[in-house]
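Sequences listed follow chains G and W, in order. All residue numbers for the first sequence refer to our numbering, where the first residue is 1 and numbers rise by one. All residue numbers for the second sequence refer to our numbering, where the first residue is 1 and numbers rise by one.
Careful, some of the hints might be misleading.
Because identical chains cannot be distinguished in the list, a pair is counted as satisfied if it fits within a single copy or across any two copies.
[Unchecked claim] Cross-link-like lysine to aspartate or glutamate pairs, in silico, EDC-like; alpha carbons within 16 angstroms at most:
1. Lys253 with Asp140
2. Lys253 with Glu208
3. Lys240 with Glu220
4. Lys218 with Glu241
5. Lys253 with Glu141
What the hints contain is simulated information worked out from the structure, not anything from laboratory work. Predicted, not measured: the structure shown is a model, and the values here were computed from it.
The residues making up each chain are set out below.
Protein chains: 2
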Amino acid sequence: MKQLYSYITKTCIAAALGVVASVAIAQDEPLPSWNDGPSKTAILEFVAAVTEEGGSDFVPEMDRIATYDNDGTLWVEAPIYTQILFALDRIKEIAADHPEWQDDPVLKAAIDGDMETIAKSGEKGVAQILAVTHTGMTTDEFAQIATDWITTAKHPTMDRLYTDLTYQPMKELLAYLRENGFKNYIVSGGGVDFMRPWTQEIYGIPPEQVIGSSVVTKFEMRDGTPVLVREPELFFYDDKEGKPVAIQKFIGKRPIASFGNSDGDLQMLQWTLAGEGRRLGMIVHHTDEEREFAYDRDSHVGTLVDGLDNAEAEGWLLIDMKSEWNTVFTEE
Amino acid sequence: MKQLYSYITKTCIAAALGVVASVAIAQDEPLPSWNDGPSKTAILEFVAAVTEEGGSDFVPEMDRIATYDNDGTLWVEAPIYTQILFALDRIKEIAADHPEWQDDPVLKAAIDGDMETIAKSGEKGVAQILAVTHTGMTTDEFAQIATDWITTAKHPTMDRLYTDLTYQPMKELLAYLRENGFKNYIVSGGGVDFMRPWTQEIYGIPPEQVIGSSVVTKFEMRDGTPVLVREPELFFYDDKEGKPVAIQKFIGKRPIASFGNSDGDLQMLQWTLAGEGRRLGMIVHHTDEEREFAYDRDSHVGTLVDGLDNAEAEGWLLIDMKSEWNTVFTEE
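Please model the entire structure based on the sequences and the hints provided.
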């Protein structure tokens, strides 16, 4: 009994000290979830250099633009992109209103959760599933649908809200750059209207700093009220070459720092690093199968081949999730 | 001599008092170039209402979005849109490198400044002139070309830099809303890349808050360096129905205040006013042929017909330039 009491006391003191220590770290030291290592050093040195007034690498605040991929860079993307899971949940929810979908092999597979048939249907099949679940409604209606889903749906293997499966070290990076006068932009292949309802709360990134893929929208008057209707036609695909194109269209400034995790982000990194002055381009490398997932070359999500092969030559810094992050997600 | 001395002294004192008074006004009273009248009152009351914490019309800062047309709303657009004049100057400058243009009736007319033939060529002809002057170069090259022109070219009848022909009352409005926590966005039918090089300096609006029409751009590697090349294909036409569409695509929030001057701005005003809560939608009415230009229904620039006919029913407030602005442009 005495031993147990002593143990509890020690544990409590340790826990209390732990809390105090972590608060102190959060206030005094940036990036507490990053272990000392090449990535943390690179970030700290970069920020120190571009914010040092009078220094040779100084960048005025208005030009401190940082861009981030979302899937696999700021939140989990394995085993399947979150937006696909949203579409599969959504099609089940509305299938009863569309009995004709039972006659379509791809849509029927989606309703039945038959992943093998969906996978076989390829990009065209997925596009069809996305079209029937993401279009035909107004922008306001879609924002509500996305919000309802994201606040309740859970990850298939980790059984947590997707917004809890955002990377703590990257959220600290967002905050740290923001505190240092940076404007953070998401530049994602995912749908912009799927992200915007929650990025402010989860990442501190407002809707106007979220760039992504999008469908054509059409202005219409309905009973005297203007609405924007989502059409089943792609407006812009924000991946690979599309990322620098979108950055120029939306921001009109070249980022000085960019963060990605897959070959779809490399053109954004190239565009960033090709600017004059000091730059930072980093790639989150998913190496931690225990705490998250380990994947790169052979993965069907977040495929990373060129990013690994050309990192050194191009100056892209790899972030080794397993060794460099002491925390991946916040505790439940 | 004594009389002259006395006169000079009086004038000097008056001038000095004038300076003091105007400084005092600038510090204490917003919108000094606006006469007391319905427009100034509407602006002041709107801003007071949406910024009053705890008030029924309060809007948090993050949602204080204001959108402004550019041509005819923030700067002069008569007798011809500035960007057309830029194209006509530009085509003369580069014509020597393109002898084949002499065989094209529209391009030859543009090179010769034959306005009648250009006018007859209609939209298609103008598009052709814009294509050869606005595309084929990289985005960085175009920004330099636009900058070189805008810092030297002068208005055909008023003989001043175009950036001096921005409306002083509207610049005060931009500053006033910004001081009250608003984020100002330009939403113009004009080319976004033609505006971005100078909007920060002239309006205090950074490139990322400028939305406009744009061409397709293509990511390319040139000698190992990534560039974005401007293609002769329209990407987005930001006028009429396009304005609310672009606002949703770029900002993802509905403005609470919008300012335009032509029928091309009405959908933006409708979209703004259809939101919940207190809203402001205003139309600059060009009524001052002495200090600027007088035009509306029959004009080929800034055509305003529906805007006049439906203003009352729709809740659009007309700004009467002649009676409501005591200054149009800043003194030379």
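Against the structure, the hints:
Proximity of Lys253 and Asp140 under a CA criterion of 16 angstroms is satisfied inter-copy only: 10 angstroms between copies versus 29 angstroms inside one chain copy. Proximity of Lys253 and Glu208 under a CA criterion of 16 angstroms is satisfied in both settings, with 15 angstroms inside one chain copy and 7 angstroms between copies. For a Cα distance limit of 16 angstroms, the shortest separation of Lys240 from Glu220 across copies, 12 angstroms, qualifies, whereas the shortest one inside one copy, 33 angstroms, does not. In the homo-oligomer, the alpha carbons of Lys218 and Glu241 lie at most 16 angstroms apart only across protomers (8 angstroms), although the nearest pairing inside one protomer, at 26 angstroms, exceeds that limit.
Taking CA atoms no more than 16 angstroms apart as the test, Lys253 paired with Glu141 passes between copies only; the shortest distance there is 14 angstroms, against 32 angstroms inside one copy.
Consistency note: the structure conflicts with none of the earlier hints.
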